[in-house]
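Asks: Work the whole structure out from these sequences, hints included.
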Amino acid sequence: MLATLLTVAYLVGTISFVFLFALFAVWFERKVSAWMQDRLGPMETGGFQGWLQTIADAVKLLLKEDIVPGKADHPLFRLAPYIVFVGTLGAFAVIPFGAALVGSDLNIGLYYVIAISSLVVIGILMAGWSSNNKWSLYGAMRSAAQIVSYEVPIGLSLLVPAVIAGTLSMQSLVVSQDGGFWNWNFLKAPPFGLLAFIIYFWASVAEVNRVPFDIPEGESELVAGYATEYSGMRYAMFFLSEYANLFVVSAIAATLFLGGWSAPLAFLKFIPGPIWFLLKSMALVFMQMWLRWTLPRLRVDQLMGVCWKVFLPISFVNLLAVSFWMLWVG
Amino acid sequence: MRTSLSENYFKQLWRGVSSTLIGMRVTFGHLFKPAVTLQYPHERWTMPERARLRIAMTYSECTGCGACARACPVDVISIETLKAPADEDLGVTKNGTKKRLHVLKFDVDNAKCIYCGLCIPPCPTEAIHFVPDYEAMQRKRGNLIYHFSILSVAEVDAIRRRDQEAKAAAAKAKSSEAATVNPSSTKTDEP
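If you read the sequences in order, they're chains A and B. Mapping of the first sequence onto the working numbering: residues 1 to 330, in sequence order. Mapping of the second sequence onto the working numbering: residues 1 to 191, in sequence order.
Read the hints as simulated data drawn from the structure, not as lab findings. Note that the structure is a prediction, hence the values are computed from the model and not measured. All residues carry an ideal CB built from backbone N, CA and C; glycine is no exception. Heads up, a few of these hints could be off.
Said to hold, decoys possible - Pair ranges (Cβ atoms, derived): (1) B:44 <-> A:119: 48 to 58 Å; (2) B:44 <-> A:48: 18 to 28 Å; (3) A:233 <-> B:20: 31 to 41 Å; (4) B:26 <-> A:48: 20 to 30 Å; (5) B:33 <-> A:48: 15 to 25 Å; (6) B:44 <-> A:51: 19 to 29 Å.
As the list claims (entries may be wrong) - Stretches of chain B that chain A covers, calculated by requiring three or more beta carbons in the stretch to come under 8 Å of a beta carbon on chain A: (7) 22 to 32; (8) 35 to 44.
Stated by the list, open to error - Residues on chain A that point at chain B, a partial pick, calculated with CB under 7 Å: (9) 35; (10) 36; (11) 38; (12) 39; (13) 40; (14) 293; (15) 294.
Replies: What follows is the structure in structure tokens.
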């Protein structure tokens, strides 16, 4: 009984965290993009730096008319945003926020994360197909083409921490990096840990469909890609999942390469683990925003080129090198 | 000279990485630069004292000569004047020009004004000029017509009535004078 209650509480807590994070991240992204372009960003709504702006926008989206195009495939069209959201939310189950703060410490947690986050693309493909709109379909097909490109280097570079720690459980992966920042995986087996971290980080930018890899929704050529026909609450769901996904990939990078909830130095242990975890994740979220407002969008073939010709061979060699390192050195 | 494939590969890789880092350095620098945005309704630029932004005129300086209205290429200025009677002194302008006309109406339609400034040089008394006021928005188009006459409706009516009375008196005097000279002609003149 108590266990069930705790599970429900954790679920509710996670969902509210996702909502709050999405609201914060949209506001933060607006501010970061504005500051990088010497602008101010939202300033009016809510007083201090326009902090209420995204909440007002969310309310606006929720109050909008629910429009489904007449020739759309209605059941799929309605279902798609929820599949995208569920795929993103599912990953939160195994992300360790703290030493005792994890939804489910699966012994194949890493594998589970890769599997469940790929579900997002099915939702996107559904959205693009059911919209019955050429832009949506283009966006969805590009998304499908993108996933086969970035998912392989992501898988290979996520295997590096697994090889170093000898486990697939997210919690054990964090525990294996405890004791100081020099134990973190991105500094292990130098430079291969760092290389895996960089490749994972870059490929995860493609996973969350952000600039420079935002070709599935490139607004200058595809209107809004798979989300073209969506409006109101369903569009808000896509937006929410996009930012939740942004947190997921950053959290995974923080967990696997930056020591998760463990403190960087032993005497800093008095600060609770979840705070360290959120700090590290937010730093990576900021990195993603920084990249987005720096780089132009890649062409489809350039994305394929980067993923297949650069990330893939390097991550293969990297995995091999780390394996031999662990065999002979570590 | 052809470069080998591997050489090209690593060169391009390095170019991609280094140019990304350069770009990121630039955007990071801009992150801490103060914004150039001006929060308009809360703060605004101070205009130069003599900024030429909107046509205005000093009513007390106007002689009602109509030179500005004639110069206007888009007929924005509409003036109505009445000659002051001989016994009424309207005073002089700052540069000593005697004012002979009542300026009953001096309207500038800002909706049509092209801000060319051609109305300003012809003015003999420098009554019409630019002012540094750029917030000309109005909710109704009619409100864009600026009325520069300071005379009230009652005053305008009074001036008109006095003028008509004077004219009627003059006409009467003239007709009675004509009647004494040639009584037969009055009958044919009247309708």
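Asks: Which earlier hints can't be squared with this structure?
Replies: Going through the list in order, the structure violates no hint and respects every one.
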